[in-house]
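Asker: One letter stands for each residue in the lines below.
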Amino acid sequence: MTLRVRDLMHTGLLTCPPAATLGQVAALLAQRRVHALLVAEAGQPPIGVIADIDLLAGEWLSADAESLQAMQAMTARELMSTPLVTIAADADVSEAIRRMHTERLHRLVVSDNAQAVGVISVSDVVAHLGRAPLGRRTVAEVMSRGFVVCRAETPLAAAARAMSERRSRSLVVVEASGRALGVVTGYDLLPTLLENSTARTVADLMHPPVTIHPEANLREAVDMMVRHHLHRLVVVDAAEPHTMPLGLISTSDIVAHMAAPNSVWQHLSS
Amino acid sequence: MGENHTATPEIYLSEAHRLIAAVTEARLMVRLFGSLAFQLRCPTFSHLRASFNDIDFGGYNAHAKAMAEVMARLGYAENREVFVLTEGGRAIFEHPTHGLHVDVFYEKLDFCHTLKLSGRLEVDAPTLPLAELLLGKMQIVEINEKDLVDTFMLLLEHPLSETDKAAINLAHVARLCADDWGLWRTVTMNLNKTKELAVMYAALNAEQQTRVVNQAEAILHRLNAQPKSFAWRLRARVGDRVKWYNDVEEVNG
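Sequence lines, in order, name chains A and B. Its first residue numbered 1, the first sequence is counted upward by one per residue in the working numbering. Its first residue numbered 1, the second sequence is counted upward by one per residue in the working numbering.
Keep in mind that the hints were calculated from the coordinates and are not lab data. Among the hints, erroneous ones may be present.
To be verified - Computed Cβ-Cβ distance ranges for the label pairs, DEER-style:
#, chain 1, residue 1, chain 2, residue 2, range
1, B, Ser-161, A, Val-85, 32 to 40 Å
2, A, Ala-26, B, Ser-46, 51 to 59 Å
3, B, Arg-241, A, Val-149, 20 to 28 Å
4, A, Ala-26, B, Ala-202, 32 to 40 Å
5, A, Arg-179, B, Tyr-245, 41 to 49 Å
6, B, Asp-240, A, Pro-45, 25 to 33 Å
Stated by the list, open to error - A few chain B residues facing chain A, derived, Cβ under 8 Å:
#, residue
7, Leu-48
8, Arg-49
9, Arg-90
10, Leu-234
11, Arg-241
Stated by the list, open to error - Which chain A residues stay away from chain B? Per the calculated CB distances, all over 10 Å, these:
#, residue
12, His-10
13, Thr-15
14, Ala-73
15, Ser-81
16, Val-93
17, Glu-103
18, Ser-111
19, Arg-161
20, Ala-176
21, Thr-198
22, Ala-203
23, Glu-215
24, Met-224
25, His-257
Using N, Cα and C, we set each Cβ at its ideal position, and we do this for glycine too.
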């Protein structure tokens, strides 16, 4: 069956008023946890798109008090991208993909009967790719490639702040070359709350990293985590084990994999 | 840049030649720019410009020490304070006899916009490449008639091309302007001013006025045809709301 744009799009329009300031747009993006908003008066068709990357102009061009004032006064209408790039809801998804790729767009406004009815973005397409039926997977396919690092001399308060702000339960401690020296977790920080703790930096608390290669299968990873009673393993390149790790595989990653609609854990044999 | 009122145009020209000969003999990668460079590179139309204020050079920092030694041998005294205050970006020399000022900019020309010299001094001699001579004028936000007349001379004398070979390299100009909206803004503004003045300038005959206008339009067309970077497009949306150029501080030599 042919996949249509309407099958993957986000239905409905998330908008901001044209007169919204950059600060107001930023607040709306953060509140709605999206990367872009359509610019439209209430009840009117959208006239443009304003994305998080457009808002960078605010910080980028505020070199002094005068330019800051100018950027603070700027509105969504003035900074938005126009014209709107649209695609029909009944168009083949492959056309949407081709246009996003060749025209270097992150999203297309979906129209139906000349009315904007939603948005299809790169994220929507990628999420669909991720929903393809899967078998048992390797560490590389499940791990998180982005992770938070710090140096050994990082004070504990700074480490705690980083974990909190980045919503990460751990930090990988690295040296200048990127080689992992250890891992410190929120659990490791607990004793520092005790009055007799002398720990000052992450170096005082970190434990050695337990590593695994990306080609290993999940069962091997889980086996190591269970045997060592660990919540995460540091994934390193077997050919270059002393360089920056490739990622982390954690209990969260494995649980997310198990919960995925197309995972073997959701397709149970009767 | 300081202004000297006692030196005649002939003194300026002969001194520029003397300096060029000296830096050439010393094998220094130092190139003339500014109004005197236009005189040298636009001999057919040099009569359009009758006065000069100073002698400007662009060079690489690696040759700063050698340049100072050459200038000292030629009788110039350096204002060391300028070199120090600009952290080696600029050197000003003055001749005690005829009072001429020589201004040497190292690694970049820092005016309303910044023009980097890296890789460009090897392209042409004894002046900066024709593209940089054009940009040196077109980047002036408060451009005056003398600067526009220099531009007339360049556009009358030289063809436009996609390379530096005996022509004004539009590919280079377009690339710089496509990467820097502010530079594009000033350059296109001044190309339009060039066209406006050319059709009124009595010292140009009708054919010359047409050539200047056609050359300026061809450059504008080429600049607008160049694909623009994301940074350019984002900056363009902000436009003139935020100042797009630097103020140029006078440095007294």
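Asker: Indicate, hint by hint, whether the structure satisfies it.
Answerer: Hints versus structure:
Judged by the Cβ atoms, the range 32 to 40 Å given for Ser-161 of chain B and Val-85 of chain A holds: they are separated by roughly 36 Å. As the Cβ distance of Ala-26 of chain A to Ser-46 of chain B is approximately 56 Å, the hint placing it in 51 to 59 Å holds. Range check, Arg-241 of chain B to Val-149 of chain A: Cβ separation about 39 Å, and the 20 to 28 Å hint is violated. Between Ala-26 of chain A and Ala-202 of chain B the Cβ separation comes to about 56 Å, which falls outside the hinted range of 32 to 40 Å.
Our hint of 41 to 49 Å for Arg-179 of chain A and Tyr-245 of chain B holds, since their Cβ atoms are close to 46 Å apart. At roughly 29 Å, the beta carbons of Asp-240 of chain B and Pro-45 of chain A sit within the given window of 25 to 33 Å. Interface restraint check for Leu-48 of chain B: the shortest CB-CB distance to chain A comes to about 39 Å, outside 8 Å, so the restraint is violated. Checking Arg-49 of chain B against chain A by beta carbon gives a least distance of about 36 Å; that is not within 8 Å, so the hint is violated.
Proximity of Arg-90 of chain B to chain A is violated relative to the hint, the smallest CB-CB distance being about 22 Å (cut-off 8 Å). Interface hint status for Leu-234 of chain B: upheld, as the beta-carbon distance to the closest one in chain A is roughly 5 Å, under 8 Å. Taking 8 Å as the C-beta cut-off, the interface hint given for Arg-241 of chain B holds, the closest approach to chain A being about 5 Å. The non-interface label for His-10 of chain A is consistent with chain B: the shortest C-beta to C-beta separation is roughly 24 Å, beyond 10 Å.
In this structure Thr-15 of chain A is separated from chain B by more than 10 Å, as the shortest Cβ-Cβ distance comes to about 19 Å. Non-interface status of Ala-73 of chain A relative to chain B is broken: a Cβ of that chain comes within 10 Å, the nearest being about 8 Å off. With a closest Cβ-Cβ approach of about 8 Å to chain B, Ser-81 of chain A is found to fall inside the 10 Å limit, against its non-interface label. Chain B leaves Val-93 of chain A outside its interface by the beta-carbon criterion, the shortest separation being 26 Å against a cut-off of 10 Å.
In this structure Glu-103 of chain A is separated from chain B by more than 10 Å, as the shortest Cβ-Cβ distance comes to about 13 Å. The beta carbon of Ser-111 of chain A sits about 24 Å from the closest Cβ of chain B, which is more than 10 Å, so the claim that it is off the interface holds. Here Arg-161 of chain A stays apart from chain B, with its beta-carbon at least about 31 Å from theirs, past the 10 Å limit. Listed as outside the interface, Ala-176 of chain A is consistent with that label: its C-beta sits roughly 29 Å from the nearest C-beta of chain B, beyond the 10 Å cut-off.
Separation of Thr-198 of chain A from chain B is adequate, the least Cβ-Cβ distance of about 46 Å exceeding the 10 Å criterion. Every beta carbon of chain B lies more than 10 Å from that of Ala-203 of chain A, the smallest distance being close to 38 Å; the non-interface claim holds. Even its closest Cβ contact with chain B, about 37 Å, leaves Glu-215 of chain A beyond 10 Å, as expected for a residue assigned away from the interface. With a closest Cβ-Cβ approach of about 43 Å to chain B, Met-224 of chain A is found to remain outside the 10 Å limit, as its non-interface label requires.
Listed as a non-interface residue, His-257 of chain A keeps its Cβ farther than 10 Å from every Cβ of chain B; the least gap is roughly 35 Å.
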